[in-house]
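Q: So the protein lines, in turn, are chains A and B.
Numbers 1 to 340, taken from the working numbering, label the letters of the first sequence in order.
Numbers 1001 to 1367, taken from the working numbering, label the letters of the second sequence in order.
Just to be clear, a hint being listed does not mean it is correct.
[Said to hold, decoys possible] Quick list of the computed label-pair ranges, beta carbon to beta carbon: (1) A/Glu120 to B/Ala1333: 42 to 50 angstroms; (2) B/Ile1328 to A/Tyr292: 33 to 41 angstroms; (3) B/Gln1040 to A/Thr15: 48 to 56 angstroms; (4) B/Ile1037 to A/Pro58: 55 to 63 angstroms; (5) B/Ile1037 to A/Thr77: 39 to 47 angstroms; (6) A/His119 to B/Gln1040: 24 to 32 angstroms; (7) A/Pro58 to B/Arg1035: 24 to 32 angstroms; (8) A/Asn325 to B/Glu1145: 39 to 47 angstroms; (9) A/Glu265 to B/Lys1288: 28 to 36 angstroms; (10) B/Ser1298 to A/Asp148: 33 to 41 angstroms; (11) A/Pro58 to B/Ser1304: 50 to 58 angstroms; (12) A/Lys243 to B/Leu1142: 31 to 39 angstroms; (13) B/Asn1162 to A/Lys81: 25 to 33 angstroms; (14) A/Gly312 to B/Phe1222: 47 to 55 angstroms.
[To be verified] Sample of chain B residues lacking proximity to chain A, with all beta carbon distances greater than 12 angstroms (derived): (15) Ser1045; (16) Glu1058; (17) Val1235; (18) His1238; (19) Pro1277; (20) Pro1325.
The hints are simulated quantities; they were obtained by calculation from the structure and are not laboratory data.
Ideal placement from N, C-alpha and C gives every residue a C-beta, glycine not left out.
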Amino acid sequence: MALLEVTDLKTYFRTDDGVVRAVDGVSFSVDKGQTLGIVGESGSGKSVTCLTIMGLNPKRTAMSSGTAMWKGEDLLTATPKRLREIRGSEIAMIFQDPMTSLNPVHKIGAQLAEAMRLHEDVSKKTARARALELLKAVGIPRAERRLDDYPHQFSGGMRQRVMIAMSLINNPDLLIADEPTTALDVTTQAQILTLIEKLQEEFGSAVIMITHDLGVVAEIADDVVVMYAAEVAEKGGVEQIFKKPHHPYTWGLMGSLPRLDADVERLVQIQGQPPSMLRPPTGCRFHPRCPYVMPICKEVDPALAPVSDDPGHLQSCHLDEETKNREAAKLLAGMMAEAS
Amino acid sequence: MAAPEKEMLRQTQLELKGDELLVVEDLQKYFPVTRGIIFQKEVASVKAVDGVSFAVREGETLGVVGESGCGKSTMARCIMKLLEPTAGSIKFRGQDITKLSRAEMRPFRREMMMIFQDPYASLNPRKRVGFIVAEALQVHKLGTEAEIKRRVQELLEVVGLNPEHYNRFPHEFSGGQRQRIGVARALAVNPKLIVCDEPVSALDVSVQAQILNLLKDLQRDFGLTYIFIAHDLNVVRHISDRVMVMYLGQVSETADRNDLYKEPKHPYTGALLSAVPVPDPTVGRHRKRIVLEGDVPSPINPPSGCRFHPRCPRFVEGHCDVEEPALIHRGGAVGHTAKCHYPLERWPMTEEEMARPGVASTAAETA
């Protein structure tokens, strides 16, 4: 049984302008020790998906349906008390912005110890020792002294490490990382990714990595979910998605990446802007921006269907498989040709 | 270092050909760190830019990369004269603009424009798009009201916006569209040079591709010269002809784009390149990242000798931390300079090879 099994998750927000469909029928599962990458543009619903699982949406405006089975227990119907027990101990989350997710008026050591003492009945001393151990594990130099520093005394990369240390303090079974490296430099990003990989090996935790960087996904994910306009456009193993992409949106994402290993005169661009989720387009939500649009795309929303001869690879597009195989091969061949 | 020596260095660095649009020599910008409330005493200075020299030829794109805090934005602001440089000279079309007053600067402001990083903060939320784009035209009194309006609508069309959006406010646009407004504003007075300070960092990849394509098209159509600042090496590679790598207020390497990416000479450039994630699972997973330890040191008190030495995988004690390397010609290609005592012999390199300067080359020779 999967560690986390999300089925047909929907989250709608009531706003003054109407109902925003932030997540609209998303399903995926994560196993122990596995890394799932969720990719998509801003506003595609990837963060809201995880906030819904964690029960962190504002109660007054958010409406959720579907199930998120965590070790056989539905997180969406769990009591707030039970969720508090799970959050931070069994499931931990790293937020995107390390500048705003630490409390500026408390010392790092106290914040780390609090995260532990909330969930376990340990003395302040033990908690502090554990905090120190983790700061060392995430590679903060002179950790003993830095326990008594305030967040503003740390650089961005260091703060993100503190966040990672905090999320790992109770040895979570699942770590949700919401764009953990977006605000960081490449060198720091490399440090953080190496760190997450190492910690995952050590503790055997599962990781959900939310990002818009396909490079990051290619490097650390085992499975990939590509989200577009609150829905899953494509999902599968990392090799399947990168070697045999089957959705025009995935092609667009891959083509729009400037790469270190290829010369391209013009990037393939996806025309237009992501749609407003107040009034999502009819039929396939990608059709207004899709270069392969057919009449059926405007009418019928394609279901997430398996790709034949490729078990575990799902996609939602009306194009026939022959065209898709041809276009995917063309895209990859183009990249190969440019690389050589 | 003695003054005449430094003078010599500077001259060997810049080989001018005469067709340079912008020549920056030994640019410095120090910000004072003061103590005291009434009597402010200068106790130290942040050496944000510390001796940067380079030239940009007409029609080319110079990419500038480096981690946050390396001084690339401060440098851009100095070039635009938005900040007063502490020392050094900036020559635009052969004329020294370093010491010009605001009024004397005005004709030059038409020639050089800037595109800013954050399309949310760089557009006045209370002004209509038409006004924002037209402002520079009005300041420079380029045309009558009707002519300006026509020009603005034309510009909006050039950058791929609907000319009918003339009367809208910035909040009615998405991030990518706002950046297009920023581009239109920069283009309004027909500048020669556009300094782009991280113009695509705040955008999604698909929108980023749109803006990069737009910038390339505009360069082709209007013969623009860009200084393109970014921390994303993929983006810089895509758009630049030449690339300059900065570290802690100084230039660590400059080269033509292909030379820099195929044969980096400075260990810092090597580390940056190896840190970039590759969107290909088969390549990306089996490659060893060269992970730099620690953070960029403080520019108030930069490390002795080579500024990169505390983080450098090929640090040689007694040399790198004592003697500051000069930015001199390295490698085979013309115009490839690096500021390192022990430049990389080849690329790619593993971390172990990198840690032993000299070994890789002898191994290669014997093989």
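Q: Does each hint fit the structure? Answer for all of them.
A: Taking the hints in turn, this is what the structure says about them:
no. : hint                                      : verdict
1   : A/Glu120 to B/Ala1333: 42 to 50 angstroms : 60 angstroms, violated
2   : B/Ile1328 to A/Tyr292: 33 to 41 angstroms : 53 angstroms, violated
3   : B/Gln1040 to A/Thr15: 48 to 56 angstroms  : 50 angstroms, holds
4   : B/Ile1037 to A/Pro58: 55 to 63 angstroms  : 44 angstroms, violated
5   : B/Ile1037 to A/Thr77: 39 to 47 angstroms  : 59 angstroms, violated
6   : A/His119 to B/Gln1040: 24 to 32 angstroms : 49 angstroms, violated
7   : A/Pro58 to B/Arg1035: 24 to 32 angstroms  : 46 angstroms, violated
8   : A/Asn325 to B/Glu1145: 39 to 47 angstroms : 58 angstroms, violated
9   : A/Glu265 to B/Lys1288: 28 to 36 angstroms : 31 angstroms, holds
10  : B/Ser1298 to A/Asp148: 33 to 41 angstroms : 20 angstroms, violated
11  : A/Pro58 to B/Ser1304: 50 to 58 angstroms  : 53 angstroms, holds
12  : A/Lys243 to B/Leu1142: 31 to 39 angstroms : 54 angstroms, violated
13  : B/Asn1162 to A/Lys81: 25 to 33 angstroms  : 53 angstroms, violated
14  : A/Gly312 to B/Phe1222: 47 to 55 angstroms : 50 angstroms, holds
15  : Ser1045                                   : 20 angstroms, holds
16  : Glu1058                                   : 21 angstroms, holds
17  : Val1235                                   : 5 angstroms, violated
18  : His1238                                   : 3 angstroms, violated
19  : Pro1277                                   : 3 angstroms, violated
20  : Pro1325                                   : 20 angstroms, holds
Hint check: violations occur at hints 1, 2, 4, 5, 6, 7, 8, 10, 12, 13, 17, 18 and 19; the rest are consistent with the structure.
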